[in-house]
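A.B. asks: For reference, the chains in residue letters:
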Amino acid sequence: MNAEEKNRSLEHHFKRLKAENYTDSFPAVENWLYKTNIKIENQKTERKLQKMKNFFFAHKLRLVYTVIALAVVIGACNMPVTQTESAGQMITLTVPADNTGFHEKLNSLPWIKNAQVSSNENTNNGVSQTLYTIILPNATEEDAKAYCKEIEAFGNITTIRMKSLNYDLKRPLYSAALDNFFSIKVDATGMSDQELESEVQKQLKEQGAEMKISFTTGPDGRRDIHLENPESDKNPKSFEMTIDEDNGQEKVKLLQRKADPDKFKGKSDDEIRKMIKDEFKSPGLKDSDIIITRDGDKVQVKVESNQKDIRGPGDK
Amino acid sequence: MSKDIREFTGLLEPLYNDAVKYSKALCAGWSPDDAEDVLQQSLLLAMENFGSLRDTSKFRSWFFKIITTTFYTSIRKHFWKKFLPLDDNPNVASMPEVYDRTESNDNKLILSKALARLNSKERAAILLFEIADFSIEEIRIIQQEKSLSAVKSRLSRARAKLKKYIIQQENFLTQNEASREYPGDFTGDIENETLKLISEIRIER
Chain A
1 MNAEEKNRSL EHHFKRLKAE NYTDSFPAVE NWLYKTNIKI ENQKTERKLQ KMKNFFFAHK
61 LRLVYTVIAL AVVIGACNMP VTQTESAGQM ITLTVPADNT GFHEKLNSLP WIKNAQVSSN
121 ENTNNGVSQT LYTIILPNAT EEDAKAYCKE IEAFGNITTI RMKSLNYDLK RPLYSAALDN
181 FFSIKVDATG MSDQELESEV QKQLKEQGAE MKISFTTGPD GRRDIHLENP ESDKNPKSFE
241 MTIDEDNGQE KVKLLQRKAD PDKFKGKSDD EIRKMIKDEF KSPGLKDSDI IITRDGDKVQ
301 VKVESNQKDI RGPGDK
Chain B
1 MSKDIREFTG LLEPLYNDAV KYSKALCAGW SPDDAEDVLQ QSLLLAMENF GSLRDTSKFR
61 SWFFKIITTT FYTSIRKHFW KKFLPLDDNP NVASMPEVYD RTESNDNKLI LSKALARLNS
121 KERAAILLFE IADFSIEEIR IIQQEKSLSA VKSRLSRARA KLKKYIIQQE NFLTQNEASR
181 EYPGDFTGDI ENETLKLISE IRIER
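Here the protein sequences line up with chains A and B, keeping their order.
Sequential numbering from 1 applies to the first sequence in my numbering.
Sequential numbering from 1 applies to the second sequence in my numbering.
Hints are computed from structural coordinates only; laboratory data are not their basis.
Think of the CB as a built atom: it goes at the ideal place given N, C-alpha and C, for glycine as much as any other residue.
Be aware that one or more of the hints could be misleading.
Quick partial rundown of chain B residues pointing at chain A, CB under 8 Å, derived from the structure [to be verified]:
id, residue
1, 5
2, 7
3, 9
4, 17
5, 43
6, 45
7, 47
8, 138
9, 140
10, 159
11, 166
12, 167
Derived Cβ-Cβ restraints for the label pairs, each shown as a range [to be verified]:
id, chain 1, residue 1, chain 2, residue 2, range
13, B, 75, A, 265, 49 to 57 Å
14, B, 51, A, 63, 49 to 57 Å
15, B, 75, A, 9, 21 to 29 Å
16, A, 173, B, 94, 42 to 50 Å
17, A, 59, B, 93, 15 to 23 Å
18, B, 7, A, 9, 37 to 45 Å
19, A, 69, B, 96, 33 to 41 Å
20, A, 69, B, 93, 30 to 38 Å
Chain B with its partners taken away, still in its complex shape:
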């Protein structure tokens, strides 16, 4: 097994950066802790099942498939977490922190908010294509779809929705920049107020 773990980490290292970014973007709208939980579960699952992977040349798509299915499962857990404390395996120590808890980049916030409005499959498809550079055929296998056209239309839908949501957010920010002389104009919507605050900070810079 020690040989396996060395081989596993060896294969993981070149795709680690993409995997971490993919997990984070998949969990758009969730806390960094929840995004790390998805990554941790995926890493543990991959490590435990690494022995069953016959062709190591397929490690990349195999690992991203694990992340994607772990994310789908986590959506259900994320819902139940509101009502029921779900205990993690007490024998496994938590993964070291990967994501920055203090970052407040407006660009990230806009994309994250737009991604959060996509459904889970659309989100996974667009991120696999844009962040992890998978082909449509590879995405079809990862998402266990029967036809390429299903993936193509999903990507097209996701892209159209993202454009729409991003423009909405950017327009909102622009409007707030224009009306910055009236900072006391409180709308009562916490999301809008956050975006207004970001735009103000950006202008001050």
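Bound-form chain A, shown alone:
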């Protein structure tokens, strides 16, 4: 079949389609349009409640699906999940009974004041020894390792072991998700520095965090917030504190980011500073705020920024 024949065939089919006639059905369709128009006009005056009723009837299946989906989401959020929480670390060690000076050396360690220490004497294979159990609440595994090294440095230790004190906690999924974030809101109007400090401390304690916070009022009447967030499992990894006062609102945001250890490998100080500035997107961040320490291949980066973004009562 050549091109002309192909065209002829297509034209022939369209010609046949064009020749179809549906004009006979127009009066019935016209009549239906008139009737439908009257119905639509009447529907316009229908009350809103009736419209809602119609909507529910017309979309009942979709509504059922929506309700089921919502129920599934709510159910999933309330599903209890088990999380392993750390209560601290435990160090057990044995020293020969003749190691008389060990007890004093142990007591001289600065961190021992925060630990619970118990000791008892026993005999192992006819050898008298003293068993020490040191419980370190809130200590991390790294802390405990460092403490063990300090103890080992005393010498004449038979055994030393370290164990994490973990416990399982069951709580709803949403609670687990919110565990690492909380916010504090205080209306500081008319409060003294001490009152404000105790109010913030109270709220922190209620949420299970321990932070050192102090306030000082400058000569211009502005209050400065001094905050120390020691690294502890109890303390939040991110939080937001909002303090309302009659001279404005102050917001403190803490955000901890864990960087990839190899991220800064082989990078110059200038390159690292540029990377940090790009990541934080903070125009006020100075080079001196970014402290870079190098230990062989290891690069540690610390950002110390003291920026004030104090908004007035009318600001948004």
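Dock chain B against the given chain A, drawing on the hints supplied.
C.D. replies: Positioned in the frame of chain A, the structure of chain B alone reads:
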């Protein structure tokens, strides 16, 4: 509003035949009920929004644009209908039947099968040009395209595809006519078997 509806039906009457044919051909491969649904939705939409049409001289292109967009929307509904019963407005009675449920014209079947293999935009473009006699510029406006060349190339593509598909169908029918002495040769393909049956009926006539 009663004046509006009279004006609306008055403007609709001269283009009704083309609109019905266009809707039917657009919905090639669908059931007559589904094609009537597209036509009904288009008529209702046009009637409800007729008040917003300022220039009644543009009624023809305005109405065909409504049919085209209703068809595009119906493609999605047509897909979901397989999984979810979509309730129509319970307060509106269905349109009277327009399309013949019994027709089995081989010419219509060949064109319908070929049209069904085009994508929705190509199908709409070729039908607007061939059935509704719109110009390329008018099709550009109806299909909301930025350039004329887009419509031109779409028309050219659609025409080439249609020719190819129609020839395939016609060749198939011719082959079956030639081998009609072996009616028991069942291929297992329901579409091919239908076409074979049509060719046999045609030969018997």
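A.B. asks: Would you mind marking each hint as holding or not holding in the structure?
C.D. replies: Taking the hints in turn, this is what the structure says about them:
1. The restraint placing residue 5 of chain B at the interface with chain A holds, with a minimum CB-CB distance near 5 Å, inside the 8 Å limit.
2. Interface hint status for residue 7 of chain B: violated, as the beta-carbon distance to the closest one in chain A is roughly 12 Å, over 8 Å.
3. The restraint placing residue 9 of chain B at the interface with chain A holds, with a minimum CB-CB distance near 5 Å, inside the 8 Å limit.
4. Nearest Cβ of chain A to the Cβ of residue 17 of chain B: about 5 Å, under the 8 Å cut. The hint holds.
5. Contact between residue 43 of chain B and chain A, as hinted, is supported at the beta carbon level, the nearest pair being about 6 Å apart and thus within 8 Å.
6. A hinted interface residue such as residue 45 of chain B counts as satisfied when its beta carbon comes closer than 8 Å to some beta carbon of chain A; here the least separation is about 11 Å, so the hint is violated.
7. Satisfaction of the interface hint for residue 47 of chain B is found here, the shortest Cβ-Cβ separation to chain A being roughly 6 Å, below the 8 Å cut-off.
8. About 17 Å separates the beta-carbon of residue 138 of chain B from the nearest beta-carbon of chain A, more than 8 Å, and the hint is not met.
9. Taken as an interface hint, residue 140 of chain B does not check out: its beta carbon lies about 21 Å from the nearest beta carbon of chain A, beyond 8 Å.
10. Interface restraint check for residue 159 of chain B: the shortest CB-CB distance to chain A comes to about 7 Å, inside 8 Å, so the restraint holds.
11. With its C-beta approaching chain A no nearer than about 6 Å, residue 166 of chain B sits inside the 8 Å limit, and its interface hint holds.
12. For residue 167 of chain B, the suggested interface contact is upheld, since its CB lies about 6 Å from the closest CB of chain A, less than 8 Å.
13. Checked against the hint of 49 to 57 Å, the pair residue 75 of chain B and residue 265 of chain A passes, with Cβ atoms roughly 54 Å apart.
14. The beta-carbon spacing between residue 51 of chain B and residue 63 of chain A, approximately 32 Å, falls outside the hinted interval of 49 to 57 Å.
15. Remark: the range hint 21 to 29 Å for residue 75 of chain B to residue 9 of chain A is upheld by a beta-carbon distance near 28 Å.
16. Checking the proposed 42 to 50 Å range against residue 173 of chain A and residue 94 of chain B shows it holds: the Cβ atoms sit about 48 Å from each other.
17. Checking the proposed 15 to 23 Å range against residue 59 of chain A and residue 93 of chain B shows it holds: the Cβ atoms sit about 20 Å from each other.
18. Taking 37 to 45 Å as the suggested C-beta distance range, the pair residue 7 of chain B and residue 9 of chain A conforms, at roughly 42 Å.
19. A C-beta distance of roughly 39 Å is found between residue 69 of chain A and residue 96 of chain B, which places it inside the suggested range of 33 to 41 Å.
20. Checked against the given bound of 30 to 38 Å, the beta carbons of residue 69 of chain A and residue 93 of chain B, roughly 34 Å apart, stay inside it.
The structure does not agree with the numbered hints 2, 6, 8, 9, 14 stated previously, though it agrees with the rest.
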